[in-house]
Amino acid sequence: LKNFNSVFCSIILVSIMSCGNFKKSQFELPSLFSDGMVLQRDTLVTVLGKYLPNQKINILCSWGFDTTTFSDSSGHWKTKLKTNSANSPQIITLSTLNEFYKIKDVLLGEVWIASGQSNMEQTFNYCCNTTDSSDSEVLSANFPNIRMYNVKKALSNNPLDNTEGEWVSAIGENIIDFSAAGYFFAKNLHKELDVPIGIIHASWGSSNIQSWTSKEVLMNLDEFAKKFKTLQSDSIKYEKTSRWYSRFKSNHSGSGAWDLFLSSDILPDIGYFDFFVPSWAKLDNIGYQEIKGYKSDYKYWKELDDKQIIKPIFNNPNFSGIVLFKNHFTINAKASKEYFIMIGPNEGAPFKLWEYDIYINGKKQGSSLINLEGREYQFNKSLSSYKINPDVLNIGDNTIIMRVMGYVSLGNIKIKISNNDSINFSNNWKVKLLAEEAFQIENFKYPYTAFYDYSNSDIKFEDIPEKFFLTHNTPSTLYNGMMAPLLDYTIKGFIWYQGESNVGEGGKSHSLYKKIFPLMVSNLRVFYGKNMPFYYAQLANYFNYGGMLPYFRQIQSELLKIKNTGMIVTLDIGENFDFHPSNKHDVGKRFALLALKRTYGINIIDSGPVPSGLDFEGKYANLYFGNTGTGLKIKDEGKSWFEIAGEDKKYFESDVNVYKNFLQLSSNYVQNPKFVRYAWSDTAKATLFNIEGLPASPFSSEYMEDINR
Numbered sequence: 001l002k003n004f005n006s007v008f009c010s011i012i013l014v015s016i017m018s019c020g021n022f023k024k025s026q027f028e029l030p031s032l033f034s035d036g037m038v039l040q041r042d043t044l045v046t047v048l049g050k051y052l053p054n055q056k057i058n059i060l061c062s063w064g065f066d067t068t069t070f071s072d073s074s075g076h077w078k079t080k081l082k083t084n085s086a087n088s089p090q091i092i093t094l095s096t097l098n099e100f101y102k103i104k105d106v107l108l109g110e111v112w113i114a115s116g117q118s119n120m121e122q123t124f125n126y127c128c129n130t131t132d133s134s135d136s137e138v139l140s141a142n143f144p145n146i147r148m149y150n151v152k153k154a155l156s157n158n159p160l161d162n163t164e165g166e167w168v169s170a171i172g173e174n175i176i177d178f179s180a181a182g183y184f185f186a187k188n189l190h191k192e193l194d195v196p197i198g199i200i201h202a203s204w205g206s207s208n209i210q211s212w213t214s215k216e217v218l219m220n221l222d223e224f225a226k227k228f229k230t231l232q233s234d235s236i237k238y239e240k241t242s243r244w245y246s247r248f249k250s251n252h253s254g255s256g257a258w259d260l261f262l263s264s265d266i267l268p269d270i271g272y273f274d275f276f277v278p279s280w281a282k283l284d285n286i287g288y289q290e291i292k293g294y295k296s297d298y299k300y301w302k303e304l305d306d307k308q309i310i311k312p313i314f315n316n317p318n319f320s321g322i323v324l325f326k327n328h329f330t331i332n333a334k335a336s337k338e339y340f341i342m343i344g345p346n347e348g349a350p351f352k353l354w355e356y357d358i359y360i361n362g363k364k365q366g367s368s369l370i371n372l373e374g375r376e377y378q379f380n381k382s383l384s385s386y387k388i389n390p391d392v393l394n395i396g397d398n399t400i401i402m403r404v405m406g407y408v409s410l411g412n413i414k415i416k417i418s419n420n421d422s423i424n425f426s427n428n429w430k431v432k433l434l435a436e437e438a439f440q441i442e443n444f445k446y447p448y449t450a451f452y453d454y455s456n457s458d459i460k461f462e463d464i465p466e467k468f469f470l471t472h473n474t475p476s477t478l479y480n481g482m483m484a485p486l487l488d489y490t491i492k493g494f495i496w497y498q499g500e501s502n503v504g505e506g507g508k509s510h511s512l513y514k515k516i517f518p519l520m521v522s523n524l525r526v527f528y529g530k531n532m533p534f535y536y537a538q539l540a541n542y543f544n545y546g547g548m549l550p551y552f553r554q555i556q557s558e559l560l561k562i563k564n565t566g567m568i569v570t571l572d573i574g575e576n577f578d579f580h581p582s583n584k585h586d587v588g589k590r591f592a593l594l595a596l597k598r599t600y601g602i603n604i605i606d607s608g609p610v611p612s613g614l615d616f617e618g619k620y621a622n623l624y625f626g627n628t629g630t631g632l633k634i635k636d637e638g639k640s641w642f643e644i645a646g647e648d649k650k651y652f653e654s655d656v657n658v659y660k661n662f663l664q665l666s667s668n669y670v671q672n673p674k675f676v677r678y679a680w681s682d683t684a685k686a687t688l689f690n691i692e693g694l695p696a697s698p699f700s701s702e703y704m705e706d707i708n709r
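In this text, residue positions in the sequence shown follow our numbering: the first is 1, and each later residue adds one.
Rather than coming from a laboratory, the hints here were simulated on the basis of the structure.
Note that this is a predicted model, so its numbers are computed, not measured.
Just to be clear, a hint being listed does not mean it is correct.
Just the calculated beta-carbon pair ranges, DEER-fashion [claimed, not checked]:
| id | residue 1 | residue 2 | range |
| --- | --- | --- | --- |
| 1 | E173 | K416 | 47 to 55 Å |
| 2 | S95 | K445 | 35 to 43 Å |
| 3 | K363 | G638 | 33 to 41 Å |
| 4 | E373 | E173 | 49 to 57 Å |
| 5 | E166 | L193 | 20 to 28 Å |
| 6 | Q378 | N473 | 25 to 33 Å |
Note that CB positions come from ideal geometry on N, CA and C, so glycine has one too.
Turn these sequences into a full structure, and let the hints guide you.
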């Protein structure tokens, strides 16, 4: 009987322990501290959570470390765990007198944060110019020891202590939603170090550096002290704004107006339109009941005059939404006549989204956007003609409905007859507001706007609050919402691809970015260690920077003076007319080269040639380089992208002679050169590499104080 009782008790104990996380637990841990997590190896890592107040908590680590901590009067606890290099999945067991809680499948390896804007966010299914080799990478990915935690997008006025997300292994289709740059970085580290790699990915497309920087840092800058006082009062407006929009169902916008503009005017062959138009097609059901029931007057139609719907909308010059316009016309005969709808924009219409669908008696007869193919689409609208299907016309009364998305304008619309007669509309147009386009308040998805459905509401414009939105470019909002929750998680280092949204800010000096960047890095090092590696990407070429990109790149080069930083160069992998170059495997590989050499001490060449000296011999400029590896090489791109100038700083393309560690530049147009520069253009191509294949950064001797002249 004694033995039976002993066995019975053991079974009960094992049952309790095995239940672990299946019942509602009193333990609450941040999402980062969850099954599948990767902990930084060979160090002390922080673990924290919440439990019942004033309780003893035992922590047992399967790799051979255990400790005890206590929850405080509010239930919070935090402690340190010593890790090693155990190479198999581990378990962390938390226990009290009443409960066991297990974190399973824990790997000990190297943990890095990957952050920035869209070029770090870019996944293996990202728009029309998706990451290179996506299909083969997805098919071949089989790396259970590479894991990524995608931080869900979040905005906040105040620092949060948790984030939504989960640890996902790099196996097959799991990687589709990985940061591609982060994945290739991890893959290269894993290959060389043969240890588990964890990537915590926190990015937001088109975000600026201010949004990723803490309020404590920005408040010390004159440019932001006043701004934060305003933000404090605006927080009340934000709460009212959020309450207003939360009343209505919402549909994500199909794309940004800029994307559609690029589709038709700049990049018709890249496929932007074909990628985005299915999202717009999902909005085709908005107003469906009103269009289908065109004979009936549903609720909330207004007479089109300044006292009703249009004037209040126009009082908000930034208003964008979806509106129906309705009218009637009469025809006396259909035989031998053809009818056409002629439509064009109002004179002086702003550069904004203005898309329309035209219905006659409930049947669509024309569209500027939905159901089109890329070659047919025009963002900048001109006078267009749509033939009306004679089968939809009635002898007598007919109803025309025009649905407009974006800028609320009827435009110039007429019905023409094949004999050149016109049908005049009566002046009593009616209008109905279906939706307002505004910034999303949750579940953020590019282009971060949504259409809020007003179609079955009697909108009293006088009740609409003064609106204020937190956005991904509001100072400190991304730091509060997406970075603050990570600060207690022990990491090895940081990779950063951001800056596109700050190009041109402050003119050529980019003074604000130059101020904020080192302060942001320093602030992060308060939490992650004063020597935390911070590696960042210099921006790739793109046509729409207004000539400001070379100056921004120069600032990025100068920021290398910050201790324990490194910069990868992307001059050779940019695509002049695409903001999101598809080549992310080289981005990840170059980040990995910096880490392997500078963090892990492997003897490799980790970057391209760097100017180290300059002297002049008559008409020749001799330009010397470090980081040449086994030598320099020039790639023939049709022009050298090297230029020289005399004292007048008028630059001319240079001839280039290549030697092992220096270049000799000359031009028949410059007899006494004093300045040299390389790739000094938004759309320059890389021509200078070391033999190892790594490109040199753009530079100008005008801005290089430490180069010999």
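Comparing the hints with the structure gives:
1. E173 - K416: 47 to 55 Å: Check passed, 53 Å falls within 47 to 55 Å.
2. S95 - K445: 35 to 43 Å: holds, 41 Å
3. K363 - G638: 33 to 41 Å: violated, 54 Å
4. E373 - E173: 49 to 57 Å: violated, 29 Å
5. E166 - L193: 20 to 28 Å: Since E166 and L193 have Cβ atoms about 24 Å apart, the given range 20 to 28 Å holds.
6. Q378 - N473: 25 to 33 Å: At roughly 30 Å between Cβ atoms, N473 and Q378 fall inside 25 to 33 Å, so the hint holds.
The structure fails to meet hints 3, 4 from the earlier list, while all remaining hints are met.
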